[in-house]
Amino acid sequence: MLRVDKASVFFAARDGRAVHALDRVSLDIADRAFVVALGASGCGKSTLLNAMAGFLPLSSGSITLGGVEISGPGADRGVVFQKDTLLPWRNVAENVALGLKFAGMGRAERLARARELLRLVGLQDFADAAPYELSGGMRQRVGIARALATDPAILLMDEPFGALDSLTRELMQELLVEIWERTGKQIFFITHSIEEALFLGTHLVVMSPRPGRIVARYDLDFVRTFAASRDARAVKGAPAFSALREEIRAIVHESDGLRTAAA
Amino acid sequence: MTDVAATQNLEQTAEAAAPKLVKMRRFGLEAGSTLPVSVATGAAILALWWIVAQLRIVPHLFLPTPMEVANAAISIYQDGYANASLFEHVGASFLRIFVAAAIAVVLGVPIGLLMGLNKWAKGVFDTPIEFYWPLPPLAYLPLMIIWLGIGETSKIALLTLAMFAPIVLSAQAGVRSVSQERVNAALSLGATRFQLLREIVLPSALPEILTGVRIALGVGWGTLVAAELIAATRGIGYLIMSASHFLATDVVFVGIGIIAACAFAFTFAMRVLEAWLVPWKGQS
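Protein sequence lines, in the order shown, are assigned to chains A and B.
This note's numbering numbers the first residue of the first sequence as 1 and each following residue consecutively.
This note's numbering numbers the first residue of the second sequence as 1 and each following residue consecutively.
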């Protein structure tokens, strides 16, 4: 379980003033939970993820994973970035196996493990391809496989589908649900798409900017409905889904309006 | 539905005969090979040279004909020139530049990487490099000769200095071009400092380092030939210099041709090396 306890972040702006990026955010991510953070840009959701990943120290508060305080990046948290960060000088399988290489696993063993993971994301036929030969969606799938390779406790995903076209994006969402079900990982997922947030999450936190904070929390079960029925259109077309989508849209717009009024 | 299909058929039959191929309009140099133009230009220059030399528009002593230059090239190839064979002259120049290049790469790449990573290293090395790098290497050749003598050491030291700076600076720029996201990705996969350097930083900087080596070879080659003109007993520059003492203009032309051919060969070799080492360059 990952626990964020009253996490605050102040950045130094260029003029030397402190920018309040994250304001006493508390959040628990239980085992097997799929937590989605939703918000407009500048609401601190990426700041929160960077702190969880250990790329960013907190100004105050704490983040613990399994009771141990996070003090830097580590292989116990797999990160999937919005921009693909695959190494162009390594083929797909070697990219997936990178974390295992860092851990000192032998070549044959780690490549065999990489092939298993590529099968999980449906890319078993592209093990020997170069990353730049793949489409954007395929590259993100490699990124997910790479993050899973070291068997992390939690998967941190920073708008992983943000750069994809909407058709690919829907397929990737369904694939991710399948991976989540099969691996049983906890996932922390950032998005600015309300629909994506509702479809994927078991838990949803809505964030609002300046200072970045959580303004609403929801427990969702659309993803479980989808997991049982495999019918994404039925899930997204249900009246309950659209009603909640409108409700959350109102919250997001209201908090954005407050910001404009204050500024 | 049927109407649409019918219209499409009509259009297809009309266009099947000779479809007009179109392209997006674009600004600047149009696509297509410039090879015919280049070959024609080369031939024109050669013809002009031949005419000017043949008609004695310029005194023969200053401008031999293309045939005479070709004959001189054959005779140098067969009999050598100025107490050494052609192979020995070219070999002497190559030995100097490759030894110097090897030293410059072995020293320059690690120092450049270090300067990109560490404030202290940058502070320490920046001052001397920024001071001597803008100097034309021939300006300190006399100093090299006073310190190290007229032999190979002074020339190799001169070349090493000339080639060191571009390699250091490019390695340093290479480190700066490493994306923070790539570094973060590696750290979250459990990379140690050393693994980060070997698996991420060095390969990321490699394209820039190779560009630096290419620049260094150009600078080094120019410096070497000039240094051989001034102080050497063997080498392509020396060959030209001794020929000029006897007003053997045809041999001077041959020497210039060899220098050009070598420079072209270096560029070609670097391109092959780049294609082999960094095939991902320019991809996404």
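In case anyone wonders, no lab produced these hints; they're calculated from the structure.
Note that the coordinates shown come from a computational prediction; the quantities given were computed from them, not determined experimentally.
Mixed in with the good hints there might be a few duds.
[What the hints assert, rightly or not] Straight line, CA to CA, 25 Å or less: simulated SDA-like cross-link-like pairs of lysine to any residue: (1) Lys83(A) / Leu55(B); (2) Lys83(A) / Trp280(B); (3) Lys185(A) / Ala163(A); (4) Lys281(B) / Ala130(A); (5) Lys185(A) / Glu195(A); (6) Lys83(A) / Gly282(B); (7) Lys6(A) / Arg217(A); (8) Lys83(A) / Gly151(B); (9) Lys83(A) / Leu206(B); (10) Lys236(A) / Glu181(A).
| request: Compare the distance between the alpha carbons of Lys83(A) and Gly282(B) with 25 Å, and conclude whether the hinted pair is satisfied. | output: This hinted pair holds, its Cα atoms lying about 17 Å apart.
| query | Is the Cα-Cα distance between Lys185(A) and Ala163(A) 25 Å or less? | reply | holds, 24 Å
| task | With a cut-off of 25 Å on the C-alpha distance, tell me whether Lys83(A) and Leu55(B) pass. | result | Cα-Cα ~67 Å, so violated.
| Going straight from one Cα to the other, do Lys236(A) and Glu181(A) come out at no more than 25 Å? | holds, 19 Å
| Regarding the pair Lys6(A) and Arg217(A), is the alpha-carbon distance no greater than 25 Å? | Holds, at about 16 Å.
| Straight-line Cα separation of Lys83(A) and Leu206(B) no greater than 25 Å? | Given that 25 Å is the threshold and the Cα spacing comes to 22 Å, the pair holds.
| field | Proposed proximity, Gly151(B) with Lys83(A) (alpha carbon, max 25 Å) | value | Given that 25 Å is the threshold and the Cα spacing comes to 55 Å, the pair is violated.
| request: For the pair we were handed, Lys281(B) and Ala130(A), check the Cα-Cα distance against 25 Å. | output: holds, 12 Å
| request: Decide if the proposed pair is consistent with the structure: Lys185(A) and Glu195(A), CA atoms, cutoff 25 Å inclusive. | output: holds, 22 Å
| 25 Å Cα cutoff - pair Lys83(A), Trp280(B) | holds, 17 Å
Violated hints, in rising order: 1 and 8; the structure is consistent with all others.
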